Structures are given as C-alpha cells and as structure tokens.
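First to last, the sequence lines map onto chains A and B. My numbering applies: residue 1 is where the first sequence begins, and numbers increase by one. My numbering applies: residue 1001 is where the second sequence begins, and numbers increase by one.
Source of the hints: derived by calculation from the structure; they are not laboratory data. Nothing here was measured: the structure is a model prediction, and the numbers come from that model. Glycine included, C-beta positions come from ideal geometry on N, C-alpha and C. Do not take every clue at face value.
[What the hints assert, rightly or not] Derived DSS-like pairs (lysine-lysine); straight-line CA-CA distance at most 30 Å: (1) Lys52(A) x Lys1027(B); (2) Lys53(A) x Lys1214(B); (3) Lys1092(B) x Lys1135(B).
[As the list claims (entries may be wrong)] Rough simulated footprint, nothing fancy, chain B against chain A, three-plus residues with beta-carbon under 8 Å: (4) 8-18; (5) 34-42; (6) 45-54.
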Amino acid sequence: MSKDECKQVVLDIIAEIAPDEELSDVKPDVALREQLDLDSMDFLDIVMELRKKHGIEVPESEYGELVSLDSCAEYLTPKFNALV
Amino acid sequence: MDKYDVAIIGAGMSGIAAGIRLAHFGKKVCIFERHYAPGGLNSFYALDGRKYDVGLHAMTNFVKPGIKAAPLNRILRQLRIRREDLNLSEQKRSRIAFREADLKFSNDFELLLSEIDREFPDQVDGFRELVEDVKSFDDSRIDYPYESARKRVQARIANSLLEDMIFCPLMYYGSSTEEDMDFGQFVVMFKSIFLEGFARPFDGIRGIIKLLLKRYREVGGIRRMNTGIAKIEVVDGRAEKLILDSGEEVEANVILSSAGLPETNALCSEDWLGDSDAQPGTLSFTETISTFGKPMKDFGWGEDAIVFFNGAERFHYRCPENAVDLESGVICVPDNFDYTESEFSEGIVRVTCLANYDLWKSYPEFKYREEKEAWRQRIWKSAKSFMPETSLDYSKERIAFDMFTPTTVERYTWRKRGAIYGSAKKHRTGVTPISNLFLCGTDQGFLGIVGSMLSGIAMANAHALR
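Use the sequences and the hints to build the structure in full.
Okay, structure coming up:
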C-alpha cells in the first residue's frame, strides 16, 4: 500500500464517522482536528474502525501519531504493508 | 453457559446505545431486559387500542445539524444514525408560567432574552452574565466538585421570582436533588433546555426506540426480553457470572448496568455500597394523560408545547407531604410541535406533578384507585388555572384517560421508589468497586433521552471498548 492509498483509507473512515464533513480539500500536513470538527470520541472511532476493518492495532499511547493525514500515512502504511 | 464479551442490564436508551457501540466494533453483546417492552424509563404502551408514551414530553438538546459538538449530533455520529431518521419536529414555543410573571421561550434563545427583558428589565444584564457562566463551564470534565447552583445563580440574579422561574424547568426535567442542584448539572440542563431546545417525533418515543433497536440488530447485537437479572455473583471483587430470573447462568467479561446504583448493588452477592450512597432518590412524580376528541387548538390552546407552572409564592422542588404537590407542575401538549407529516386529530394533555412515593406505596389496592381518581381531578383543576380559557367543556370532550404514580414507575422499571432521575449522588466515572462492573444511564449522571444515550456511549467507550 502506498502512502496516498493509506490516506484514502483514513479519509474513508472519517467519511463514515462524520458524513457531514467536507473532506475534498483536507490538507495532509495540517492537524485533522484543526480542519475538521472531530472530538476525542471521533478519534477513538478512527482507531476502532482501523482495527475492525483492517486488523490494525493502534495502542492508546500512540494515538498522537494520527494527528494529521501525513502522520497517519507515515505511521500506518508500514503497519498495512506488514499485514500482507 | 452462554458467554459474552459484554452483558448490558436494561434495554433503555443508555443500554441500547452502549450495545450499538459495542456490537458495531465486534463485541459479543447481550442486553438483558426484565420488562417485555424496551425503553426503560422512556418506554411506551397501548391501552384500549390507543398508543401512549410512558413519559415523553419532548426531547431536549435539540440543535440544528451543523453544531457538531452538541450532544445530539455527537450521539448521532457515534451511533451512525442519520439525523433525518429521528424524524424530529421542533416545538412551537414553551412557557414558564408563575402567578406573578410569565416567560415564553423557544428553540431561538433570543425569545427568552427578550422575555426576561420585558418582565425583569433590571435583571437582564445579570441573566446575560449567567449565560456566560454557563457557556464557559467545562461540562466535559467527569469530576468537578459540587457547587450550589442556587448560589451561583443568586450571584447574578437578585430577583427570587426570576431565579425560581429559571430553576423550575431545569429541575422538573432532570434534577435528582431537592431544592438545589449541582452547578455542573444546572449547566447541562440549562444548555439542553434553553440554549438548545425541544423537539419531538410525531410518533413519540416509539420511533426513536425502534430506530435504535434496528441499528442494534444490524450490527449483530443480541437482546433478551422478559429476562431479568436476579443476581450478580461476585468473587474476589470480580463479577463472575450473572444469574437470570429463570435460574439460568450467563458469563460476561464486562457488565454495564443501567439498573441504577442501589439497584445494581442489590443485585450483587456482596454489598459494595454501604449505607451512605445506597439511598434511592427522593423525587418521584405522577402524571395524568388526558385524550380529547379534538385537537387542542379547538380548545383555544395557543402555541405552547410545554408549560412549567407554579402557583405558590416560592417554587419548591421536593418530595411533597401530600400524595401530590398541586402548587407546581408541567403541562405538555404534544400537538404543539411543528410536525410536517400530519396533525393530531386527538388532543393530548399530559400533566406532571411531584408526588410522595411512601404515601402512594402505603395505599391498599382499593384505596389506591380511589386516591388516583381524587388526585386526577385535583391535578386537572390546578393545571387548568394555567391553561387558556375555553368555551368547551373538557370533561365532556375527554375520550380517554390514564395516570401513573411513583409505584407504577417502580412496578415497570424496578427503579426504587419510582425515582425517575435516580439517586441524588451521581457516579460520573461509572466505576464500581467490582472490577468488571460499570454503571451507565441515570445514576451515572446524564439524564433525558439524549443524555442517557450519551451516557451509554461514554461508558461503553471508556470501560468496554478499549
């Protein structure tokens, strides 16, 4: 999986959690929370959906890695690629 | 023996919401409900072919779609429920009606501000400051120290009549404590009623419960009705198994109980509560539901959906000495929401008053019926003095009637003393001394339909999902 594909996976999850968010111009290098109205409950959902849909575990101490799309890609892409 | 990841006690709003969250994320969940109907304190029933809501007046916390941090929109996101499916219609208007003053309010907060400016011009600046106090209070914290809401309000409002008028709706719609509230609870209620607002589905609570249960089914949740929990077997500080009323035994890694704090403690084979917190709530209510052959507008009833009334010099929110407190109450006219689908062909008036559980409980069957009939008439007379004048005769137009007392609530919900708002002291973390047993619902601290669902969600997230 490429980093861009990984970003799309995260965006797809956000689209499902917060269907009324405008996701077409999310800046990858800016914190998601600054651009989107996501609270801690929503972030928990991103983590839970990663586990449910893709079998990816994000320990609570590493939730901070999911701050922006870029950081999500850096952190998650190796995890995705380790799966296959 | 059946084994679950999570067992939830009670198919009320909080239990079902918790169940949806957990089942959605792959937990094996079962909700156990002793009653045959779901909904808990906010259930429904039919009588003589007519459908009734147990207690729904309105759903509080109504906000427009865009406001994401608002509780209503948060729970919809967390439960993946589409807002349109709730089918909510906003109130037309509501009113706080005291003998000496009258304040209208709606889902547009400006109306209440202008009303206070009209009735209490010298207090409106203080009221604006109070609104700022409310807005700046961080109610997302779970543990804040108790602070008297009366004192906080008195610091801004110097007029005791206005003070009582502000407290009246907030107490009636969600205070488990007499005469005063914790300021944190005041903030939650103030926002949910005045800053947010009232809405109602045309079909009442049924639609909401059906929607939640459909969602729960979709994500694979299991539900067992007519299946009460008789006992929770505790060994070395851990709940080892649940014993059902039938004697069947069930295992669960985590138990979420919406049964209430003293009620949950009583289920356990070991007492972990002691005496101090074990007291069930002291506040209980009676409600009369009158159905008329014509809609309420034919009686000259204006735009009011909910009327919070008080005829006494000071408003008192406490367990009355008599069976019912006739001085104050809440009148709800479900006709008066802006429904798009249809209009009510029959008019409904619900009147809620404070009631004395011990007295109602003490009446033998025959006397209970007699008292119910006597108080029904007194309640109607008291409420009528706050209703519009009409040339029609209510008693001739009435086609159906029902009434619940504190003992009715206790009988169907197993909530001790019929205390619908639960114990005075809330356990916001949901944690109990039993390592895998957690509280959700009324005694965890959030009240109302939206509040209960938020409680179930928050407790599921905190204790059963991570």
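Taking 8 Å as the Cβ threshold, is the statement that the segment 34-42 of chain A is covered by chain B upheld or broken by the three-residue rule?
holds (count 4)
Checking one constraint from the list: CA of Lys1092(B) to CA of Lys1135(B), max 30 Å. Satisfied?
With Cα atoms ~25 Å apart, Lys1092(B) and Lys1135(B) stay inside 30 Å; holds.
Please work out if Lys52(A) and Lys1027(B) have their alpha carbons no farther apart than 30 Å.
Satisfied, since the Cα-Cα distance of roughly 10 Å is no more than 30 Å.
The segment 8-18 of chain A covered by chain B? Criterion: 3 or more residues, Cβ-Cβ distance below 8 Å.
holds (count 3)
Within 30 Å, alpha carbon to alpha carbon, are Lys53(A) and Lys1214(B)?
holds (22 Å)
Under 8 Å between beta-carbons, do enough residues of the segment 45-54 of chain A, three at least, approach chain B for the coverage claim to hold?
holds (count 4)
The structure fails none of the hints (numbered hints given earlier).
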